Amino acid sequence: MLQNDDNYITILSHLCNETVTKDIDNKIMRIKEAIVKGIFLLLALSSILALAFIVIFLFKEGIPIFKNVSLNAFLFGKEWYPTDEPPAFGISSLIIGSLLVTFLSSLIAVPLGVFSAIYISELARPFIKEILKPVIELLAALPSVVIGFFGMVVIAPFLQRTFDIPTGLNAFNAALMLALMSIPTITSISEDALHSVPLELREASLALGATHWETIYHVVLPAALSGIGTAIILGMARALGETMVVLMVAGGAAWIPESIFDPVRPMPAAIAAEMGEAPVKSQHYHALFAIGLVLFFFVLIFNFIAYYITQRYKKAGEAL
Amino acid sequence: MRKIKEFLAFYLLRLATIIISFGLFLILFFIFKNGIKAISLEFLTKPPIEAMTKGGIFPAIVGTFYLTLGALIVAFPLGVGAAIYLSEYARGGKVVHIIRIGINNLAGVPSVVFGLFGLAMFVVLFGFGSSILSGSLTLGLLILPVIIQTTEEALKTVSQSYREASFALGATKWQTIFKVVLPAAFPGVLTGAILGISRAAGETAPIMFTAAAFYTPGLPHSIFDEVMALPYHIYVLATAGTHIEETRPIQYGTALVLISLVLFFNAGAIFFRTRLRRRLGR
Numbered sequence: 001m002l003q004n005d006d007n008y009i010t011i012l013s014h015l016c017n018e019t020v021t022k023d024i025d026n027k028i029m030r031i032k033e034a035i036v037k038g039i040f041l042l043l044a045l046s047s048i049l050a051l052a053f054i055v056i057f058l059f060k061e062g063i064p065i066f067k068n069v070s071l072n073a074f075l076f077g078k079e080w081y082p083t084d085e086p087p088a089f090g091i092s093s094l095i096i097g098s099l100l101v102t103f104l105s106s107l108i109a110v111p112l113g114v115f116s117a118i119y120i121s122e123l124a125r126p127f128i129k130e131i132l133k134p135v136i137e138l139l140a141a142l143p144s145v146v147i148g149f150f151g152m153v154v155i156a157p158f159l160q161r162t163f164d165i166p167t168g169l170n171a172f173n174a175a176l177m178l179a180l181m182s183i184p185t186i187t188s189i190s191e192d193a194l195h196s197v198p199l200e201l202r203e204a205s206l207a208l209g210a211t212h213w214e215t216i217y218h219v220v221l222p223a224a225l226s227g228i229g230t231a232i233i234l235g236m237a238r239a240l241g242e243t244m245v246v247l248m249v250a251g252g253a254a255w256i257p258e259s260i261f262d263p264v265r266p267m268p269a270a271i272a273a274e275m276g277e278a279p280v281k282s283q284h285y286h287a288l289f290a291i292g293l294v295l296f297f298f299v300l301i302f303n304f305i306a307y308y309i310t311q312r313y314k315k316a317g318e319a320l
Numbered sequence: 321m322r323k324i325k326e327f328l329a330f331y332l333l334r335l336a337t338i339i340i341s342f343g344l345f346l347i348l349f350f351i352f353k354n355g356i357k358a359i360s361l362e363f364l365t366k367p368p369i370e371a372m373t374k375g376g377i378f379p380a381i382v383g384t385f386y387l388t389l390g391a392l393i394v395a396f397p398l399g400v401g402a403a404i405y406l407s408e409y410a411r412g413g414k415v416v417h418i419i420r421i422g423i424n425n426l427a428g429v430p431s432v433v434f435g436l437f438g439l440a441m442f443v444v445l446f447g448f449g450s451s452i453l454s455g456s457l458t459l460g461l462l463i464l465p466v467i468i469q470t471t472e473e474a475l476k477t478v479s480q481s482y483r484e485a486s487f488a489l490g491a492t493k494w495q496t497i498f499k500v501v502l503p504a505a506f507p508g509v510l511t512g513a514i515l516g517i518s519r520a521a522g523e524t525a526p527i528m529f530t531a532a533a534f535y536t537p538g539l540p541h542s543i544f545d546e547v548m549a550l551p552y553h554i555y556v557l558a559t560a561g562t563h564i565e566e567t568r569p570i571q572y573g574t575a576l577v578l579i580s581l582v583l584f585f586n587a588g589a590i591f592f593r594t595r596l597r598r599r600l601g602r
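Heads up: the sequence lines are chains A and B, in that order.
The numbering used here puts the first residue of the first sequence at 1, with every later residue one more than the last.
The numbering used here puts the first residue of the second sequence at 321, with every later residue one more than the last.
Keep in mind the hints are simulated off the structure, nothing from the lab.
Values in this document were obtained by computation on a predicted structure and should not be read as measured data.
Honestly, I wouldn't trust all of these hints.
Listed next, the stretches of chain B that the computed footprint assigns to chain A, with coverage defined by at least 3 CB atoms under 8 Å from CB atoms of chain A [stated by the list, open to error]: (1) 339 to 348; (2) 382 to 391; (3) 410 to 423; (4) 470 to 479; (5) 505 to 511; (6) 530 to 536; (7) 539 to 549.
Ideal Cβ placement from N, Cα and C applies to all residues, glycine included.
Take these sequences, add in the hints, and give me the full structure.
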């Protein structure tokens, strides 16, 4: 009997031991999993960190210029002579240059981009769609320096001859090339928005006797409007921040343009053209970083407008 | 009347699409027509000579290769890891929301601002100088959003039942991700890497002050050396120097090489993605 009890106890203790080691195994595994999860979280935070560092460095290197120039004089001053003695750091002509080419390019890119999105989403047969989608993607993939080069050697002489103007390198040419760069953004995001309009809406409209075009214009377009709005804003943000095209094609004159055929010097062009010659930590260097800061905030505002529209769109979508 | 209106409207839509396709065609046509004359074995394998008015573009090809490879080494682990977190671990909430805002805004940062950042942080503060290392780090951060977005999309297409089956067999989360989800999403992850490469190879503004040199006498020996790069080579020959007209054929040739490279990678990405979609029956 006693022996039996002993046996019983050994078995029991064995069992206990096993659950204990299992517990420990489980714990180790759970800790391991937690560590793995933590590592992935850290990696996910990398883009936030990168963004934070970009902002920090823009401020750190841009702010010192305001020891020499007031913010007002910097933003609204008309004279940009960074290498003269004494230098003048007014960037209003650069800001106007940026806004002018962005606005002009959107006049071209918005209709073309949105129309082609409607065509691809609503009209094109599957076979044609299969061709058009890669076309848009390849256009988006073209390096900006190649588009700038094309604008310089092909479009500029053409404009000069056709309109009989002193130089083909001007705001209009830059706007044309920028339009080429923002069209893919506008088209692909608009197309996504149109694509996500439920089929039932179209069927209901057609069943009521509307033509295909009436359905698109009165039903599909309104339903996708905020998505298209986002697309347009993001397309414009792309044009605003684009560097190589405006550097090579816009003409580079830092004065306030009087016509669309005047050369301009948008903000990215000024930074890219001058940073190579500006000695590190000089006033000019800090001024260029301050321009970068202004440019960054312009683009940020565009992004937030786009984000705001999408959020509203999401809510409208849920109500549907 | 209604039919006429419809006809006109559709005509306009078609016209817009044709104009865009024509734009792409025009660029490709001009670059190809003028560039093909410059291409020869020598052009691709020899360095430039006689103040860059003759000779090849081999150092620029090598430089672009190093910069792109470096950018991928920086961005690929970060991007895939971030995508795994967003797709497999995150369950909504504030942190995820902030991460997404961060990714979207990073994607929108103008390329020249990346250049400024790279200059201030890597070149000046860290003292890497204008080098492959500085350029790769800058380009890596630039392509990070592309890789995250493409990879996350790929992970999301992996059917939930794969994960459940793996869990049911007693696999841990990590084992499931590593042995089941990632292999299933592999073509999509590859697409992300390819798109990142294509983007990094074509960018000019971020490397202008962080890595690119007008001319280097030889090939780079370490990651602290400056390099020539294809996009910068086009820009420099087309805008600076005294032989702009004379070197036009070299400019066209370099543009053709760069475009071919980028289009080749993008065609690859499109190919992998279509295969993935077809397999998933979408």
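Okay, the hints, checked on the actual structure:
Counting residues of the stretch 339 to 348 of chain B whose C-beta sits closer than 8 Å to any C-beta of chain A gives 7, which meets the bar of three, so the coverage hint holds. Note: the stretch 382 to 391 of chain B has 0 residues with beta-carbon separation from chain A under 8 Å; the three-residue rule is not met and the coverage is violated. Counting residues of the stretch 410 to 423 of chain B whose C-beta lies closer than 8 Å to any C-beta of chain A gives 7; at least three are required, and the coverage claim holds. Here the stretch 470 to 479 of chain B counts 0 residues with a CB under 8 Å from a CB of chain A, which misses the bar of 3, and the coverage is violated.
By the rule of at least three residues with a Cβ nearer than 8 Å to a Cβ of chain A, the coverage given for the stretch 505 to 511 of chain B is violated, with 0 such residues. For the stretch 530 to 536 of chain B, the proposed coverage by chain A is not satisfied: 0 residues have a C-beta within less than 8 Å of a C-beta in that chain, short of the threshold of three. Proximity of the stretch 539 to 549 of chain B to chain A, defined as three or more residues with a beta carbon under 8 Å from a beta carbon of that chain, is not established by the 0 residues found.
Checked against the numbered hints given earlier, the structure breaks hints 2, 4, 5, 6 and 7 and satisfies all the rest.
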